[in-house]
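With the hints as extra help, turn the sequences into a complete structure.
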Amino acid sequence: MTDQIDKALEREYEAGFVSDVESDTFEPGLDENVIRRISTMKNEPEWMLEARLKAFKVWQEMEEPDWAHVDYEKIDFQAISYFSAPKSMKDKPKSLDEVDPELIRTYEKLGIPLIEQQMLAGVAVDAVFDSVSVVTTFREKLSEAGVIFCPISEAIQNHPELVKKYLGSVVPTKDNYYAALNCAVFTDGSFVYIPKGTRCPMELSTYFRINEQNTGQFERTLIIADEGSHVSYLEGCTAPQRDENQLHAAVVELVALDDAEIKYSTVQNWYPGDENGKGGIYNFVTKRGICHTNAKISWTQVETGSAVTWKYPSCVLKGDNSVGEFYSVALTRGAQQADTGTKMIHLGKNTKSTIISKGISAGRSNNSYRGLVRMNPGADGARNFTQCDSLLIGDQCGAHTFPYVESRNPSAIVEHEATTSKVSDDQMFLCQQRGLDPEKAVSMIVNGFCKEVFKELPMEFAVEAGKLLEISLEGSVG
Amino acid sequence: MSEWLNQAITQAQGVSDWLSPKRDLALSALADIRWPTRKTEAWKYTSLRPVEKFSKEAPAAFTSTSTLTQIQGFECLDLVFENGQFVTDLAALTLPEGLSIQLASQADASKQAEVLAKFSSIKPERHVFGLLNDALVQDVLVIEVADNVSVAPAIRLTSILGLAAQAHTRVLVVLGEHAKLTVSEHYQGNEESLNTGFVEYEIGADARLEHYRFALQTGKAVSLGGSHFQLAERADLNSTLVGFGSDLSRVDVDMVHAGENAFAKMNAFYLLDGKELFDLHATVEHAVPHGTTEENIRIIAADQAKAVFNGRIHIHRDAQKTLAELNNRNLLMSNKAEINTKPELEIYADDVRCAHGATVAEIDKKALYYMQSRGISRAKAQVMLNFGFINELIDQMPNQELAEWLRPQMREKFSQMEVK
Chain A
41 MTDQIDKALE
51 REYEAGFVSD
61 VESDTFEPGL
71 DENVIRRIST
81 MKNEPEWMLE
91 ARLKAFKVWQ
101 EMEEPDWAHV
111 DYEKIDFQAI
121 SYFSAPKSMK
131 DKPKSLDEVD
141 PELIRTYEKL
151 GIPLIEQQML
161 AGVAVDAVFD
171 SVSVVTTFRE
181 KLSEAGVIFC
191 PISEAIQNHP
201 ELVKKYLGSV
211 VPTKDNYYAA
221 LNCAVFTDGS
231 FVYIPKGTRC
241 PMELSTYFRI
251 NEQNTGQFER
261 TLIIADEGSH
271 VSYLEGCTAP
281 QRDENQLHAA
291 VVELVALDDA
301 EIKYSTVQNW
311 YPGDENGKGG
321 IYNFVTKRGI
331 CHTNAKISWT
341 QVETGSAVTW
351 KYPSCVLKGD
361 NSVGEFYSVA
371 LTRGAQQADT
381 GTKMIHLGKN
391 TKSTIISKGI
401 SAGRSNNSYR
411 GLVRMNPGAD
421 GARNFTQCDS
431 LLIGDQCGAH
441 TFPYVESRNP
451 SAIVEHEATT
461 SKVSDDQMFL
471 CQQRGLDPEK
481 AVSMIVNGFC
491 KEVFKELPME
501 FAVEAGKLLE
511 ISLEGSVG
Chain B
525 MSEWLNQAIT
535 QAQGVSDWLS
545 PKRDLALSAL
555 ADIRWPTRKT
565 EAWKYTSLRP
575 VEKFSKEAPA
585 AFTSTSTLTQ
595 IQGFECLDLV
605 FENGQFVTDL
615 AALTLPEGLS
625 IQLASQADAS
635 KQAEVLAKFS
645 SIKPERHVFG
655 LLNDALVQDV
665 LVIEVADNVS
675 VAPAIRLTSI
685 LGLAAQAHTR
695 VLVVLGEHAK
705 LTVSEHYQGN
715 EESLNTGFVE
725 YEIGADARLE
735 HYRFALQTGK
745 AVSLGGSHFQ
755 LAERADLNST
765 LVGFGSDLSR
775 VDVDMVHAGE
785 NAFAKMNAFY
795 LLDGKELFDL
805 HATVEHAVPH
815 GTTEENIRII
825 AADQAKAVFN
835 GRIHIHRDAQ
845 KTLAELNNRN
855 LLMSNKAEIN
865 TKPELEIYAD
875 DVRCAHGATV
885 AEIDKKALYY
895 MQSRGISRAK
905 AQVMLNFGFI
915 NELIDQMPNQ
925 ELAEWLRPQM
935 REKFSQMEVK
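Chains A and B, in that order, give the protein sequences.
Taking the working numbering, the leading residue of the first sequence gets 41, the next gets one more, and so forth.
Taking the working numbering, the leading residue of the second sequence gets 525, the next gets one more, and so forth.
Derived pair list, reagent style BS3-like, types lysine-lysine, alpha-carbon separation capped at 27 Å:
(1) A:Lys392 with B:Lys860
(2) B:Lys937 with B:Lys789
(3) B:Lys563 with A:Lys114
(4) A:Lys389 with B:Lys860
(5) A:Lys389 with B:Lys889
(6) A:Lys491 with A:Lys383
(7) A:Lys383 with B:Lys563
(8) B:Lys568 with A:Lys114
(9) A:Lys358 with B:Lys860
The set of hints was computed from the structure by calculation and includes no laboratory data.
Written out as structure tokens, the structure reads:
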């Protein structure tokens with residue numbers, strides 16, 4: 041056993057992330073020195089440091105946006121520590137007994153195996169190594185196909201030409217406040233490159249990337265699908281994740297070159313905070329993909345966690361005949377606030393986009409859909425269809441829709457539809473009459489409401505997502 | 525901050541009269557306000573350059589190529605503003621019983637107090653030009669209908685702007701319980717000018733208001749204004765808004781359901797050509813349960829025109845059993861024109877039925893083909909289809925005379941669009 045542990049630790053060292061900095065956590069605060077230190081820690085080349093410093097300057101001149109329909113205490117950026125090395129074994133809970141029993145109960149309901157429970161809760165056990173072996177098999181299979189799947193810090197070292205070319209090409213530094221901050225201080229994230237004409241042999245999941253737990257609060261992901269390739273990427277997991285960082289400002293960039301296809305699925309279930317949303321995670325994410333000719337990007341997300349969510353996975357449909365899709369289920373309860381949606385920017389001819397958004401609000405939460413569909417003058421024959429439906433459970437919550445439609449091409453067709461309704465008494469009556477208890481009935485109705493989105497998720501994910509909604513809705517009926 | 529705004533504020537600061545309490549409130553609000561830019565959500569698509577650039581010397585006398593329009597068969601009482609000055613001789617009007625029209629400056633102190641209490645109580649504070657109007661108006665025209673009175677002739681409010689004019693008009697309309705009235709607002713004058721025209725309507729319980737706003741200024745006219753409605757129990761509002769664009773035309777509409785079981789309907793359509801811009805922001809507030817709202821908005825934008833629409837429906841916490849629907853259809857005729865639309869729903873009550881839909885497209889190619897295959901020229905077929913698109917809403921206008929007057933104007937506008 042000890043041998044195995046040692047081996048596994050070595051592998052982590054190989055990855056270049058957990059190195060001699062293990063015990064390091066920066067003092068709170070942010071200035072140029074902090075950024076230099078992050079860069080030095082990661083042993084980054086000069087160009088990366090310059091990019092970070094430039095981003096920091098840009099960020100300092102920007103104002104925190106306030107247009108989203110969310111309300112939270114202002115973030116003190118000087119009170120955050122921008123680098124914290126992974127916890128060493130001795131700081132972690134020794135066993136599941138030391139973990140919040142509420143968390144364990146949820147795991148049990150989700151049917152998560154004991155070993156994974158321990159991993160998710162950050163328990164210091166060697167059981168994790170079961171998945172390490174899985175990872176190894178994974179890596180071998182991937183490298184056979186020529187797929188690069190590694191931490192982005194590693195990619196900066198080993199594939200600088202790709203990183204230089206594409207990092208920041210979809211989400212420029214100046215894009216928005218949190219993106220600029222991320223550019224300056226990101227610590228890690230995933231890098232994926234699928235070579236020309238390759239179909240990635242398996243679904244890539246952050247779950248299997250060994251140092252996933254260490255990516256920290258400023259995650260940076262870059263996925264490049266070269267011409268004619270195909271990849272499906274899964275982010276997050278249904279289990280509520282323990283996390284000490286309150287602010288999460290990730291940036292995800294997708295590049296789909298000619299004829300490529302990227303499918304990006306997210307299940308997000310971070311800590312939503314207590315009854316009043318205190319202590320919950322702020323999730324301010326910038327996700328965007330660019331589609332070249334005949335390419336396709338499909339975003340699917342199931343959002344149930346975080347105290348405040350601010351997230352708009354977008355597609356820039358640059359190439360002719362490219363396709364963008366967005367399928368979303370956002371569920372808020374308690375005091376959660378979500379302002380989420382998408383942007384579809386149609387630049388090329390005959391580009392198509394589909395937006396299906398399902399918002400479910402319960403408790404005292406607020407759930408907003410905010411979307412933009414823009415048809416540029418060159419988008420001849422472009423087509424968009426948008427449908428956002430909101431479901432209200434209880435009379436203390438809010439459901440909002442803010443769709444922006446901007447059309448500059450007469451041959452483009454944009455259709456937007458939105459409805460708001462509640463779980464109707466008739467539906468409830470019908471279910472209860474057939475012997476379902478009210479809670480089951482609601483979860484069944486909600487599942488039906490979300491079906492269009494769930495069917496876009498990879499199978500196992502879809503099953504888990506359904507369960508997740510069920511658990512999240514517990515106690516919101518009656 | 526804009527030079528023009530500073531001048532306006534300085535101008536208003538020196539004035540002292542019965543309106544002073546409200547003027548001071550507006551001035552202090554203006555002092556804190558940020559001059560709207562493209563980053564201001566409510567002005568995201570509409571540039572205020574034409575206002576900022578406006579620096580015409582006020583003319584000595586009123587001159588305009590525009591005159592009071594004759595509308596065949598339309599029975600109405602005419603109330604006219606020229607360059608913002610109220611010029612109708614009220615003493616010469618014979619008013620039906622139960623209808624009173626007066627200038628607040630000439631009313632007695634108790635009436636003035638009453639007007640002050642209602643002034644800007646219906647128009648929300650967030651409209652920058654509404655605040656400016658508060659600060660700059662010299663008088664308020666007050667139209668009141670007593671309880672249980674149905675006024676047969678319509679009231680036509682006409683504001684004519686001459687060259688270089690800068691005008692600010694303000695009207696307050698109060699309908700008593702079970703009262704009935706038709707008001708038609710007309711804004712005219714295509715020369716370079718700037719006006720803010722705001723009308724507030726208080727609609728009493730069981731009262732019925734038929735309302736029209738014809739924002740037909742084109743060319744260099746800068747027109748900023750609003751119609752704001754407050755509905756009491758079971759009140760009924762049927763409003764039609766017609767817009768032609770100009771360098772800058774902006775209308776803000778607010779409909780507030782303050783009493784239960786009220787019904788509000790608004791149809792709006794605008795036709796834009798050349799480099800015209802028209803911007804409509806319509807907000808519906810359902811503050812109480814059992815309200816119903818229906819909105820239909822249709823826009824045609826040709827050439828290099830720019831259309832902006834923002835339709836917000838806000839259902840407050842306890843406004844259960846609300847029914848609200850908004851339907852927005854747009855035709856884009858050229859790839860230099862643009863349509864920016866944003867139907868918003870903000871809902872805090874669960875037992876409601878709300879929906880909105882928006883589409884942007886060009887004329888149905890199949891319909892066009894069908895007509896051409898029957899020997900109708902492409903240009904003519906386009907005019908017919910465009911006209912049909914708008915005519916569906918004209919047909920819904922309760923007043924047939926106004927509809928008849930409007931149709932040929934629309935037709936003309938469409939045929940002009942095609943020539944280009």
